[in-house]
Structure formats: C-alpha cells, structure tokens
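**Student:** Since chain Z is already given, all that's left is putting chains B and F on it; use the hints.
Chains as they are written, first to last, in the working numbering: chain Z, 44 to 316; chain B, 473 to 773; chain F, 139 to 511.
Derived by calculation from the structure, the hints in this document are not laboratory data.
Watch out, some of these pointers could steer you wrong.
[As the list claims (entries may be wrong)] Here are some, though not all, of the chain B residues that point toward chain Z, as calculated from beta-carbon distances under 10 angstroms:
no. : residue
1   : Gln499
2   : Phe513
3   : Arg558
4   : Pro576
5   : Val577
6   : Thr580
7   : Pro599
8   : Arg607
9   : Gln616
10  : Pro620
11  : Pro641
12  : Ile657
13  : Tyr713
14  : Gln734
15  : Tyr741
The C-beta atom is built at its ideal place from N, Cα and C for all residues, glycine as well.
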Amino acid sequence: MLRRLPSMVSAFTVLVFVFLYLPIVVVVINSVNADKFLVSWGGFTTKWYAKALNDERIRTDFITSAKVAVASSLISVAIAVAASLWARNARVWSRRALDATTYMRIVLPEVVLATALFIFIRRLHFQLGVTAIVIGHVVFNSAYATVVIQARLATLPISLEEAATDLGASPRRVFQRVTFPLLAPAILVAVLLTLSFSFDDVVSSLFLGGTNAETLPVLLLGLIRISVTPEVNAIAVGVMLITLITFACAAVVATVRGSIGVRSTPQAPDVEE
Amino acid sequence: MTEDPAPRASAAGSRRRSPWGRGSSRQLLALPTFGWTLLFFVAPLSILLLYSFGQMNLITFDVNFGWTLDNYRQLNQSLYVHTVVRSVLLSLGATLGCLVIGYPVAYTLSKQQGRIQTLLLIGVMIPFWTSFVVRTYAWVNLLQNGGPVENVLHALHLSHGSLNVLYSPTAVWIGILYSYLPLMILPLFVSLERIDPGLTHAASDLGASGLRAFRRVTLPLSMPGVIAGCILVGVPATGEYVIPSILGGGKTLMYGNVIADQFFQVGDYPFGAALAMTMMAVVTLFLVVARSGLSRVEDVT
Amino acid sequence: MSTTAGQSRPPAIALEQLERHYGELTAVAGIDLAIADGEFFSLIGPSGCGKTTTLRIVAGLETPSSGRVSVRGQDVTDVPAFKRPVNTVFQHYALFPHLNVFENIAFGLKERKVSRGDTRRRVTEMLELVGLTGREKARPKQLSGGQQQRVALARSLVLEPAVLLLDEPLGALDLKLRKQMQMVLKEIQREVGITFVYVTHDQEEAFSMSDRVAIMHKGKIEQIGDPVDTYRRPQTLFVADFVGASNRFEARVVERLGSGSYRADMGTLGTLDVPGVAGLAVGDQAVAVVRPEAIRTAPGFGDAVLDGTVTDVSFMGPQTQYVVDAGGLGTAAMLSPADDDDLLHSGAAQQFRFAARSAWLVAADPGPVDDAQ
Chain Z
44 MLRRLPSMVS
54 AFTVLVFVFL
64 YLPIVVVVIN
74 SVNADKFLVS
84 WGGFTTKWYA
94 KALNDERIRT
104 DFITSAKVAV
114 ASSLISVAIA
124 VAASLWARNA
134 RVWSRRALDA
144 TTYMRIVLPE
154 VVLATALFIF
164 IRRLHFQLGV
174 TAIVIGHVVF
184 NSAYATVVIQ
194 ARLATLPISL
204 EEAATDLGAS
214 PRRVFQRVTF
224 PLLAPAILVA
234 VLLTLSFSFD
244 DVVSSLFLGG
254 TNAETLPVLL
264 LGLIRISVTP
274 EVNAIAVGVM
284 LITLITFACA
294 AVVATVRGSI
304 GVRSTPQAPD
314 VEE
Chain B
473 MTEDPAPRAS
483 AAGSRRRSPW
493 GRGSSRQLLA
503 LPTFGWTLLF
513 FVAPLSILLL
523 YSFGQMNLIT
533 FDVNFGWTLD
543 NYRQLNQSLY
553 VHTVVRSVLL
563 SLGATLGCLV
573 IGYPVAYTLS
583 KQQGRIQTLL
593 LIGVMIPFWT
603 SFVVRTYAWV
613 NLLQNGGPVE
623 NVLHALHLSH
633 GSLNVLYSPT
643 AVWIGILYSY
653 LPLMILPLFV
663 SLERIDPGLT
673 HAASDLGASG
683 LRAFRRVTLP
693 LSMPGVIAGC
703 ILVGVPATGE
713 YVIPSILGGG
723 KTLMYGNVIA
733 DQFFQVGDYP
743 FGAALAMTMM
753 AVVTLFLVVA
763 RSGLSRVEDV
773 T
Chain F
139 MSTTAGQSRP
149 PAIALEQLER
159 HYGELTAVAG
169 IDLAIADGEF
179 FSLIGPSGCG
189 KTTTLRIVAG
199 LETPSSGRVS
209 VRGQDVTDVP
219 AFKRPVNTVF
229 QHYALFPHLN
239 VFENIAFGLK
249 ERKVSRGDTR
259 RRVTEMLELV
269 GLTGREKARP
279 KQLSGGQQQR
289 VALARSLVLE
299 PAVLLLDEPL
309 GALDLKLRKQ
319 MQMVLKEIQR
329 EVGITFVYVT
339 HDQEEAFSMS
349 DRVAIMHKGK
359 IEQIGDPVDT
369 YRRPQTLFVA
379 DFVGASNRFE
389 ARVVERLGSG
399 SYRADMGTLG
409 TLDVPGVAGL
419 AVGDQAVAVV
429 RPEAIRTAPG
439 FGDAVLDGTV
449 TDVSFMGPQT
459 QYVVDAGGLG
469 TAAMLSPADD
479 DDLLHSGAAQ
489 QFRFAARSAW
499 LVAADPGPVD
509 DAQ
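Isolated chain Z, as found in the complex:
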C-alpha cells in the first residue's frame, strides 16, 4: 500500500493512525452504548442523542459556540487579508513588525493571553461574554489566518496585479478580478481553520465567557468533570458530523472551483526562468 519504504516504517505508521483514531472510535461506540457507566458494552441505544438534543442548555451553548466561531473567523480572516496585502508592499521593517506580532500571538500560551484579557476586561469594567470571547479568539485566529494567507500571497507574482492594472482595471477591480480569485483557496482554508479552532477552544472561552456566555466545549468540560455523562459522546459525534459535512461541502466547492486551475496547495508559479 505504501510506496518505497522499509516495511517496519510502514507498519509503524499504521499503528500511529490506530493511535490517532482509537479515542474517536471509543467516542463513537460510547455514544450508542446503553451502559450508563460506559464500562462495558450495554447494548445499542440512541437515547444519549435524544437526551443531548432535548437539553436546552446544550442547544444554547451550541448556538453560542457557533456564533463565536463564525464571528471570530470572519473578523480574523478579514484582518489577515488586509494585513497580508499591506505587508506585500510594505517596507522591510514594517513587514518584520507584522511577522513578529503574528508569531507572538501564535506562540503565547493561551492561558497567559486569557488571563491578561480577563484582567483587562474586568479592569475596564467591560462585560465578559460572547463579545469578549470573540475578541480573545480573534487575537490568535487572525495570526493563524495571516500565516495561511501570506503563504499563498507569496506564491502570487505581483506582476499579475500589475498586468490587470495595465489592462485597465482600477485598484478595486484588480482586487475583484485577480487578487481575490487567486487568494480564494487560501481564504477558504483560513476560514475553516479558524472556525474549528474557535469552535473547539476551551481556555479563552472559559476565562472570557464569565457567567454571561458558555460555549459547548466549556460545558462539556464541566459535565465530564462532575461525573460520567454519556451524552457528551453523542454531542461530540454530532459536532464531528457537522464539521465533516461542512468540510466536505467546502471540498466540493473547492473542487468545482478547482477547475479554474487554482489549487490550495500552492505551486511555484511556472513563470520562473
């Protein structure tokens, strides 16, 4: 199955994939396991799904998470696109400043960022809640998005936009007809990445939600710390399905648009000598 490799390395890779998927298999099995304590197989059931779906708090938290994810993703990607476009024509030191702040936002442990924002917001007597969570998520999400967009932009020769200008397109039209379509795959990747980071985040959401807003992961963490709660598995499977369907749709969109010849894996443009 795998090419040109010592069989031991291949076998090891297979084992690692088993390791990666083992917990997910457990989650899926337990989501339909009738045994209340999840110690052994107690027969098939869908009651945990029913329980999760009928729980008002779970529904509310899911919607909160979705709101936070969509808002922070859109804001992050918009910031990233603007910053990347700016950086391309900026002077060296300003570009370095952007790189440094981007890097710092990625590597700073989230606990530190969350505590800092928590104190900041309390000190200024702002409210903890959805807005605060979004603010926190955008800090790191916009950094990840910037990395993705800049990587793509680096493969696009500036002469493409110059050519469009030269052929009579105003700056706005250049963006519409050339820059944006060529960036689209990277923007899609950045949106999906930030959506999933945000939707799955615990630490910032925990610190910044306060008593006003609770996201799904925060709820899940609370539930499992209290006792064995089988419905968390049903929730996880449900969220996983939603995620996979979203990604599959995105992949289909990308493939359809892929016929426009732009791949998400950036190839060095073939215009080099």
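**Tutor:** Just chains B and F now, with coordinates in the frame of chain Z:
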C-alpha cells in the same frame, strides 16, 4: 518613500497620489491587525505585568499597585516550584515523544504521492475536528483500570494486575502526546516534502547506504521542520489546561491549572498574574533556545 | 521637443527630464526622448541601466521622481496606470492562471465594457493574428512558453493601445524560439501599425527588429539612432563596446580634416586618416574602434598594418574568430567569413590589416573604464 534629493518645480507635481499601490490609503490595511494586537494583546499583557507587581486585598478585592515583588517571592513555595518543574518536564517529554513517533509518520507521508498523500494528510487532521475535550475524555475510558488498554496489555502479557495509570502524570503525558501529535507531523512533513529526492539519490550514488543517506542528507535538511514542530508542541503544551484537568484528576496539576485556580477559586489576581508572567518567561526561554537552534540549522542548510 | 503643436503628429511617446530615484540609488537619471507614431523602438542596455524602470514609468506602474511623460501629446504623468492608453507585455507574461486563453485576452475589453459580441469578434481576430485559433479554452499552464508569450501579446494588442510596451518579452525562451518570435513580433508590428517600445539587454535582438534604438547606461541615454548608424558610428566608448565586440587602439588627434574625419597618430600603426565623432580637438586623446570583421589578412588590403601572432582560434560555423596578440598594441580580435579557405592556426605569425576609414574615433574615457555590468 525617500525624499527627492533635488526637489524642483516639477518635483512638487511628482509627490502625487501614486497610480498604483503605496498610496496612503493602502496603509489603512495595516490598521486592523496592529490595532487589534495593540488593544487586545499588548495592552492586556502590560496590565498583566502591572498586576503581577501589585497586591490584592482578599477581603475588599481591591488591587494596590505597591510595586512589590511578593507575588514572585511566593512562587518559591514548593507547590508552585513542583508544578513548574512538572509542567516543563511533561511538556519536554511530550515534545520528545511526538518527535519520535511523528518523524517516521511524516517521512512515510512525504514518500507518498497524489491522492494517497492527500488522504493520509487529511487523516492526520481529522482528529482535530472532533471535540478536543471529548477526545481527551475518551482516554479516561481507554486508560481506566479494566479498560481496553489494560486488556490489550494483559493479552500481550506485557503487564499484569491493575494498570493504575489514570489520573497520573503518565496519563497526562499520553494525553498531550496524543493531542499534539498532528502539530508535530505537519511541519515535519512540510520540511521533508521539500527535500529534493535527487539529493538522497545523489547521496546513494556517492556510495552512502540507505540509512547513511538518511542520516547525512535527509535528517539535517529536515531540521527546520523538527524545530518548528517542537515549538508548535512544546510551547502550548507547557500551558496546557484541559488535558491535566481531565486526565490528571486534580492530582497532576500543570501550570495552566494553577493559574486558572488563582483566578476562579482563590481570586488572587496579582499572584495569578505573576504566575502567568513567569510562564511567559519560561516559554520565552524555550523559544530563544529553539530559535537559535533554527538559525544554526538554517545556516547549514 | 518643445513644439509639438502645429506639427503633423505629436510623438507617440515623449519623455522630458525623466528621473527616478530610490533613496540613494538613481535608476533613471534624466531622460529626454520622443518616439514617433508607428515606430519599433528599442531601449537597450546592460541590466541595471534603468531601461525597465523607464518602461514601467511609461506604463504608470512606477512613479517618476520628476519629469513628464506624454502619450500622443497628452501629459499622462498624473494619470494612473489603468487609465493610460498604453499596454505592457510583461517579462514573464503574467497571464492570469485562473482564466483561460479567451478570458485572458478579453480581460481588458471587459474593463471597457465592450459588448459580448464585439468581445468575441475581437478576441477571435487576435487569436488568429497570433496563430492560436482553437486554443481559447486552454489554461495558461497548458501552453508552451512561446504560446504564452503570444497570448500576452494578444491580450495587450486587443485593446489597440497607442503604444505597446514590451519588457524583455523573449527573455524566457530558448534561442531558436527567440529567433522565431522576433520575426513574429516584427510582422505583427507591421500589420497592426502600433508603436512598439521594446526593452532588451540583447543588442542583436534589438537591431534585428527596431527602427531605432536607444542605448542606456547608468540611467541615461548614451545614444539614439537607427541600428546601422549606432553600430557604425557609436558616440561613446561604452556604446561601441555594448553594441558589438570591438578592438581599441590608442590614438591622438593631430589634425581635423573636416567632414567628420581626423588625422590621428596611432603609434606603431602610423598616422592615419580616420572618421570619428564630432567635436574632437587637436591634441585630444582618443580611441580608434575597429570591428573584428573589418580586419583581414589579405596582402595589400587597407592602409593599417599590425604584426601579430594568433593565440586562439574559434570556429563558429559561418565565421571563424581569431584572437591575436599584437605586441605593444595589445590583443585584437578578428572575424573571418567561413569562405575564407586559409584558416590560420594558433601560433601563426601574420600581418593583419584594416582600412583606416573602417575605424572610428571616439573620445577616450575620462575615468577608469566602468564595466561593472
């Protein structure tokens, strides 16, 4: 733009809005990113720093900025020293584990082509799209006494008796290793993929055996990926909060949990701030070491 | 250059006192230039001489530090690139990878809101002109370098610009394709009658296509003229070197003979009557430039004789090149046509001859010869 050394009558006309790019309106594009960073990153961290030198009245919950070092002195208590050491060791251990396990996988991936490669890469990413909390929770199930892992180990005669791993540092180590593995594999893959296969062929032509060609060509050239992976795993793992609170069971606390406790249970913000600043220092140290390693390998490659 | 009004037609392009500085660096150091309508004009020079910057300023992709640019008598210095009636063929074509050939060529027409039917007709015409009929649906990546080049050409020409700017358009092609494309470009230019401004570092390419060429050096134009004139009567030593290999012999002007000739003391070569640049004065130190193909070995040929030894022979097919050690006169190069049966051998001592009227006097360089490029 540099000023024209010899401004003339016509030079006034040339300081016009440029026909393409670099206009002052372009600079507005930088505003959101720097504005957001300044307001919601730099400013909060500065306040955090201020707090770490302050003092809190635990009855009135007022913070006095007395410029005291008490908060930092308090770190000397053995509980905190132990936690810091444990966090660093767990993080280093997990980083090493990820590297050892992730490298062969990334190498395998880099040798695949086309559709299979894409599928395997997606396969590495998919676990990311399942709830992190619940995935970690699944390890409680796997590692508990009488659970699947114990059963497998018994069947293979690798151990007998109770596993007794859950709610121990080992469980936390496994949890971190598991969760951060993809973050190691991806940068490794990128750096291995970038290596021109012609180079290893050339090395083989020059008489290097397969293993030697790997050690002398592939491994050094993949060092940037190794370091990037170590940063991506090691840094966030040091501040990990969720995994120890699920798999550590209140005993094996890590740094992140202690900080959170200061905010949610004790309510001593200045001390929590001092803890957070110390973590930043630890992480910065780690980064400086890693970056200097990176610049060294980049000089070589 | 000041009186464009009242004359029959304003120049397609007029540059006045054009300068472009990047901090300490000067890319364009004051250029005045007028290019006539319908002309095939080339800007040539070594890399870094400012030719591409000049072209980009004309296109509007670069802002001059000072000076004016006019197109057909209209000052466009302050007109943004997308409103200028000029179009560019970029060095690496810069075709839009997300659009097919048809859409690439129709790009500018869409900006001008040309109707669908007209667009189709004009694009089809262009495809025919550049010989790509039937490739409408192809993506740029599916085309060869030469085909991509022709799409880039069509994409600009379809807009019927006042001037077409070409920035080393053949630079990425191999030699054979280059030669072929040179013919194609020349033909197309004649057919559409649009002014071409062509930038290249390859003087041969420029000479073979252009009506006139301008040789640039360090941000300035050293000489403008038709190719023959530029080659035969270079005004500076730099131009003499850049437009072709040349032998240099030291000379001192002893008398001005009128009609552009000088009597020059050329040391061991004797005193010869040599044509040269205007403005040399008696007593001036000058350099006599002699093209390698002007040197012969036939007895009795010409009036200048140098004794030398052949040190290297390179057979190049149509010609043979010899390197000759001429003792105190330095080394010289000679090119002989292939039908010259008497191939010389390395080490052969021989008399080499040239006609004094085939030499050309230019002023000696004031400072050290700058050949950094």
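**Student:** Confirm or reject each hint.
**Tutor:** Evaluation of the provided hints:
1. Interface restraint check for glutamine 499 of chain B: the shortest CB-CB distance to chain Z comes to about 7 angstroms, inside 10 angstroms, so the restraint holds.
2. With its C-beta approaching chain Z no nearer than about 5 angstroms, phenylalanine 513 of chain B sits inside the 10 angstroms limit, and its interface hint holds.
3. Look at arginine 558 of chain B: its Cβ only gets to about 15 angstroms from chain Z, farther than 10 angstroms, so that hint breaks.
4. With a least beta-carbon distance of about 5 angstroms to chain Z, the hint placing proline 576 of chain B at the interface is held under the 10 angstroms criterion.
5. Contact between valine 577 of chain B and chain Z, as hinted, is supported at the beta carbon level, the nearest pair being about 5 angstroms apart and thus within 10 angstroms.
6. Because the closest C-beta pair between threonine 580 of chain B and chain Z is about 4 angstroms apart, less than 10 angstroms, the hint holds.
7. The beta carbon of proline 599 of chain B comes within 5 angstroms of a beta carbon in chain Z, closer than 10 angstroms, and the hint placing it at the interface holds.
8. A least Cβ separation of about 5 angstroms between arginine 607 of chain B and chain Z falls short of the 10 angstroms threshold, and the interface hint therefore holds.
9. The beta carbon of glutamine 616 of chain B is positioned within 10 angstroms of a beta carbon in chain Z (closest approach about 8 angstroms), and the interface hint is therefore held.
10. With 10 angstroms as the threshold, the beta carbon of proline 620 of chain B comes within range of chain Z, its nearest partner Cβ sitting at about 8 angstroms, so the hint holds.
11. Contact between proline 641 of chain B and chain Z, as hinted, is not supported at the beta carbon level, the nearest pair being about 19 angstroms apart and thus beyond 10 angstroms.
12. Using the Cβ-Cβ criterion of 10 angstroms, the hint placing isoleucine 657 of chain B at the interface with chain Z is satisfied: the shortest such distance is roughly 9 angstroms.
13. Among the interface hints, the one on tyrosine 713 of chain B holds; its C-beta lies about 5 angstroms from the nearest C-beta in chain Z, closer than the 10 angstroms criterion.
14. Given hint, glutamine 734 of chain B at the interface with chain Z, holds; its Cβ is 8 angstroms from that chain's nearest Cβ, closer than 10 angstroms.
15. Checking tyrosine 741 of chain B against chain Z by beta carbon gives a least distance of about 6 angstroms; that is within 10 angstroms, so the hint holds.
Going through the hint list in order, the structure does not satisfy hints 3 and 11.
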